[in-house]
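If you want the building blocks of each chain, they are given just below.
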Amino acid sequence: MDQTQTFWQFVNQQSDKLWNQTWAHIGLTMISLILAIIIAVPVGILIARKQKLSGIVLGIAGVLQTIPSIALLGVMIPFLGIGPKPAILALFLYALLPVIRNTYTGIMEVNPAVVDAAKGMGMSKWQILTKVELPLAFPVLMAGIRTATVINVGVATLAAYIAAGGLGEFIFGGIALNNSNMILAGAIPAALLAIILDFLLSLVQKINLKSIRVSWLILPFVFISMSSFYLLPTQIGGRMLGGFTPEFMGREDGYLGLKSVYRLGIETVVISDAVMYKAAFEHKLDVISGYSTDGRLKAYDLITLKDDKGIFPPYYAAPVIRNEVLTKYPELEAVLNQLSGSINDSIMTALNYKVDQLKQSPEQVAMDFMVSKHLYKPSKNGTKGTVRIGSKIFGEQYILAQMYKILILGNTDLTVLTKTGLGGTKICFDALTNNQIDFYPEYTGTGFLVLLKPDKKTIKQLEGNTDGVYQYVSQAFNKQFNIKWLKPIGFNNSYALMMRKEQAQSLHIESITDLTNHLKHK
Amino acid sequence: MIKAAHLVKKFGSSTAVNSISFDVKEGENLILLGTSGCGKTTTLRMVNRLTEPDSGTIFLNGTDIRSQQPETLRRGIGYVLQNHGLFPHYTVAENIAIVPRLLKWESSKTGKRADELFEKLNLDPAIKDKYPAALSGGQQQRVGLARSLMVNPPVLLMDEPFGALDNLTRISIRKEFRVLDELVKKTIIMVTHDVQEAFEMGDRICLMDKGEIMQIGTPEDLLFRPANNFVANFLDEQRLQLELKSVLLEEILPGSAKNISVWDQMESLLQVNAYPDDAPGDALTIESLMAAFSKYKKR
Ligand SMILES: Nc1ncnc2c1ncn2[C@@H]1O[C@H](COP(=O)(O)OP(=O)(O)O)[C@@H](O)[C@H]1O
Ligand SMILES: [Mg+2]
Numbered sequence: 001m002d003q004t005q006t007f008w009q010f011v012n013q014q015s016d017k018l019w020n021q022t023w024a025h026i027g028l029t030m031i032s033l034i035l036a037i038i039i040a041v042p043v044g045i046l047i048a049r050k051q052k053l054s055g056i057v058l059g060i061a062g063v064l065q066t067i068p069s070i071a072l073l074g075v076m077i078p079f080l081g082i083g084p085k086p087a088i089l090a091l092f093l094y095a096l097l098p099v100i101r102n103t104y105t106g107i108m109e110v111n112p113a114v115v116d117a118a119k120g121m122g123m124s125k126w127q128i129l130t131k132v133e134l135p136l137a138f139p140v141l142m143a144g145i146r147t148a149t150v151i152n153v154g155v156a157t158l159a160a161y162i163a164a165g166g167l168g169e170f171i172f173g174g175i176a177l178n179n180s181n182m183i184l185a186g187a188i189p190a191a192l193l194a195i196i197l198d199f200l201l202s203l204v205q206k207i208n209l210k211s212i213r214v215s216w217l218i219l220p221f222v223f224i225s226m227s228s229f230y231l232l233p234t235q236i237g238g239r240m241l242g243g244f245t246p247e248f249m250g251r252e253d254g255y256l257g258l259k260s261v262y263r264l265g266i267e268t269v270v271i272s273d274a275v276m277y278k279a280a281f282e283h284k285l286d287v288i289s290g291y292s293t294d295g296r297l298k299a300y301d302l303i304t305l306k307d308d309k310g311i312f313p314p315y316y317a318a319p320v321i322r323n324e325v326l327t328k329y330p331e332l333e334a335v336l337n338q339l340s341g342s343i344n345d346s347i348m349t350a351l352n353y354k355v356d357q358l359k360q361s362p363e364q365v366a367m368d369f370m371v372s373k374h375l376y377k378p379s380k381n382g383t384k385g386t387v388r389i390g391s392k393i394f395g396e397q398y399i400l401a402q403m404y405k406i407l408i409l410g411n412t413d414l415t416v417l418t419k420t421g422l423g424g425t426k427i428c429f430d431a432l433t434n435n436q437i438d439f440y441p442e443y444t445g446t447g448f449l450v451l452l453k454p455d456k457k458t459i460k461q462l463e464g465n466t467d468g469v470y471q472y473v474s475q476a477f478n479k480q481f482n483i484k485w486l487k488p489i490g491f492n493n494s495y496a497l498m499m500r501k502e503q504a505q506s507l508h509i510e511s512i513t514d515l516t517n518h519l520k521h522k
Numbered sequence: 001m002i003k004a005a006h007l008v009k010k011f012g013s014s015t016a017v018n019s020i021s022f023d024v025k026e027g028e029n030l031i032l033l034g035t036s037g038c039g040k041t042t043t044l045r046m047v048n049r050l051t052e053p054d055s056g057t058i059f060l061n062g063t064d065i066r067s068q069q070p071e072t073l074r075r076g077i078g079y080v081l082q083n084h085g086l087f088p089h090y091t092v093a094e095n096i097a098i099v100p101r102l103l104k105w106e107s108s109k110t111g112k113r114a115d116e117l118f119e120k121l122n123l124d125p126a127i128k129d130k131y132p133a134a135l136s137g138g139q140q141q142r143v144g145l146a147r148s149l150m151v152n153p154p155v156l157l158m159d160e161p162f163g164a165l166d167n168l169t170r171i172s173i174r175k176e177f178r179v180l181d182e183l184v185k186k187t188i189i190m191v192t193h194d195v196q197e198a199f200e201m202g203d204r205i206c207l208m209d210k211g212e213i214m215q216i217g218t219p220e221d222l223l224f225r226p227a228n229n230f231v232a233n234f235l236d237e238q239r240l241q242l243e244l245k246s247v248l249l250e251e252i253l254p255g256s257a258k259n260i261s262v263w264d265q266m267e268s269l270l271q272v273n274a275y276p277d278d279a280p281g282d283a284l285t286i287e288s289l290m291a292a293f294s295k296y297k298k299r
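Residue numbers (this note's numbering), protein chains in the order written: chain Y, 1 to 522; chain E, 1 to 299.
Derived by calculation from the structure, the hints in this document are not laboratory data. For every residue, glycine included, the Cβ atom is placed at its ideal position computed from N, Cα and C. Honestly, I wouldn't trust all of these hints.
Looking from chain E toward chain Y, a few residues come up when the C-beta cut is under 10 angstroms (computed) [to be verified]: (1) 54; (2) 58; (3) 84; (4) 90; (5) 104; (6) 106; (7) 244.
With a cut-off of at most 27 angstroms between alpha-carbon atoms, the simulated DSS-like pairs for lysine-lysine come out as follows [claimed, not checked]: (8) 258/E - 298/E; (9) 210/E - 125/Y; (10) 258/E - 210/E; (11) 426/Y - 377/Y; (12) 10/E - 50/Y; (13) 112/E - 206/Y; (14) 125/Y - 175/E; (15) 210/Y - 112/E; (16) 258/E - 175/E; (17) 104/E - 210/Y; (18) 520/Y - 426/Y; (19) 426/Y - 17/Y; (20) 210/Y - 109/E; (21) 210/Y - 128/E; (22) 210/Y - 130/E.
Sample of chain Y residues facing chain E (criterion: CB under 7 angstroms; computed from the structure) [as the list claims (entries may be wrong)]: (23) 124; (24) 135; (25) 211; (26) 212.
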């Protein structure tokens, strides 16, 4: 990817994708919102009538609201699979509380004398509701709908994690790929969408309604929701479905390479790696982009396809550390290098399996390993200074961070602060360059392609050259960022395409080329 | 016209209304009087079924009100509330058209009737397109009354209709309403806690305490023939003024103008005395009026 590309060039180049994502985003937001209104307004009216129910109903809606979005999406996959359905359900649940609460409050705030007068004049209950209570509660109700809309535009970005599309594809892809243009191309339309929808609804809020004609309201609702379905990504079908992370979708050593080098023609959806393996296991996806040392490979009985044309460069893990830190604490380098050579691919996969599947704590797994390799020494409780270790947000990085912690505490007079769970490559690397952490484990391939972004020629030259890539990143990081790559630990956590073992075997697919041929002949 | 028999209403364990019975004749103005919380509103709301009694019955023109749909019943009974109850999201014109629309009146008929009432109630037609919040308290109360009179219901229920007004406005509106032909012919039950108001507006007064009727009768009955100590004590503080208000001029000076209370006559005399030049030659004086009044009382 060309580094000097401007934001507008990016937007121009990707305008098809951008429109698709924006429409999908609007579709997800509108459908879930309308469903929420259809349910929440009557519920709000009901609890205004039966006050005893109000506590429990608002309580339940409130609890739904506090469930973290990612968790909610994850919980739904076994029932609803991946794609727009679980995303809409999750967004729907989030929108319930503001709408129920404001309908209820709005009706409760109507002057009782007015309702009394309406009754006294002989209006029926329905007339009182539609001509007095709802019109008077309308501004408050609309405020609730506005809140729900803004929440939903925001949460809908997470739909990208479960193959439901939306602007999250750019946002999370951009974060993972260290591509600011891509982040902005997702974030700006999402923000504009929130502002515009909120503004339009504020105009509606100001209308002085004399009465609410239910039929008038239902028609536009039906119209909008019907049309919104067209905005969603076309339903997932086809014979084989690939589910790739936003990061993988945008990488040369990922989907782009699969297309250009292998000419792989597979239908794809964007999905987060948190749910990807499980979705493959449950036959929701057939091909996924995973990491070769991921513990879930073992847990879900998946196999990796051979990269017979070599598009995935090596991803040897090694600590990247700021030179300033090494100058200050020169003893660190030798201590950190103690880990080098002690973990190969299968050991790392086994360690990851313990954390990802057996749910052992990374601390425990790291400790057991260090003890077994005689690398553990009791902490010296030093007071010389503090080293801050960062890690990205997945198990392997947590384990490595804990191992380094044990080494530093046992072999130096330094103390350790771990800052684990830094969202992605870009976040982690920015934390390092901005002096918020001192080192973290990085992978050569990522440093090469994502952080340095060399030109095509360099990539071609170093293809398949493990040592060459390491030399290249070492020199370039030292020069550009004043950061040092220490010795590689020993395992190669490369990108890989994965399939369910039984499916791959029954179709006789062993390599990516086999997969391409299989798809071609369909 | 209206006959209530043995009405009882309990809220939880407390009895708000305890065995209340009364009759209101056609064209009569019955006042429910009593201190706050004595059950007046509860009694009134049973007449248009906004509150259902635990026991007892109410007959309207000889038929049990429970034989009608509550909505139908209410459309035929005017209802005026203390806080006017105007719809804040409706203009004045829309507010007064509510009941006509429920009864499916033609809009031209509604418009004509509105014009008529506006004139009778001294309302500026320019306020028709305003919202209630833009009106003064007196205007709001008049619009509230106009709304309840639109379909010319034979029965009118009023719950503290002047309660939210300031003193001066209250007194002047009260006077106006008393002589309004629309109201004179109507059968009215009106709730108030203001003794003066009760004596000015009522043909008969039903004095209540703790959910029970203490006495029901004409103002003079209550003043001069109190049924018990409660009634006598209740009125004592303002006795003289009440007596002047309830005794008619023709009763103390036979042959004088009809339907004027002694109090009204005194008020107009006082006004005249402020401008002595306007006084008619053979005028009654305050002194002679007082003398006639005390003679009447000693009778
Ligand atoms: N809806 C209600 N629920 C419970 N208690 C009520 C209700 N309405 C009135 N009451 C009680 O009944 C009694 C009579 O009330 P009300 O008829 O409003 O009195 P008034 O109009 O004479 O001031 C009061 O003690 C009041 O608190
Ligand atoms: Mg009352």
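Each hint, compared with the structure:
no.	hint	verdict
1	54	violated, 20 angstroms
2	58	violated, 15 angstroms
3	84	holds, 8 angstroms
4	90	holds, 6 angstroms
5	104	violated, 12 angstroms
6	106	violated, 19 angstroms
7	244	violated, 35 angstroms
8	258/E - 298/E	holds, 22 angstroms
9	210/E - 125/Y	violated, 32 angstroms
10	258/E - 210/E	violated, 37 angstroms
11	426/Y - 377/Y	violated, 33 angstroms
12	10/E - 50/Y	holds, 21 angstroms
13	112/E - 206/Y	violated, 32 angstroms
14	125/Y - 175/E	violated, 37 angstroms
15	210/Y - 112/E	holds, 22 angstroms
16	258/E - 175/E	holds, 17 angstroms
17	104/E - 210/Y	holds, 17 angstroms
18	520/Y - 426/Y	violated, 36 angstroms
19	426/Y - 17/Y	holds, 22 angstroms
20	210/Y - 109/E	holds, 21 angstroms
21	210/Y - 128/E	holds, 16 angstroms
22	210/Y - 130/E	holds, 14 angstroms
23	124	holds, 5 angstroms
24	135	holds, 5 angstroms
25	211	violated, 9 angstroms
26	212	violated, 11 angstroms
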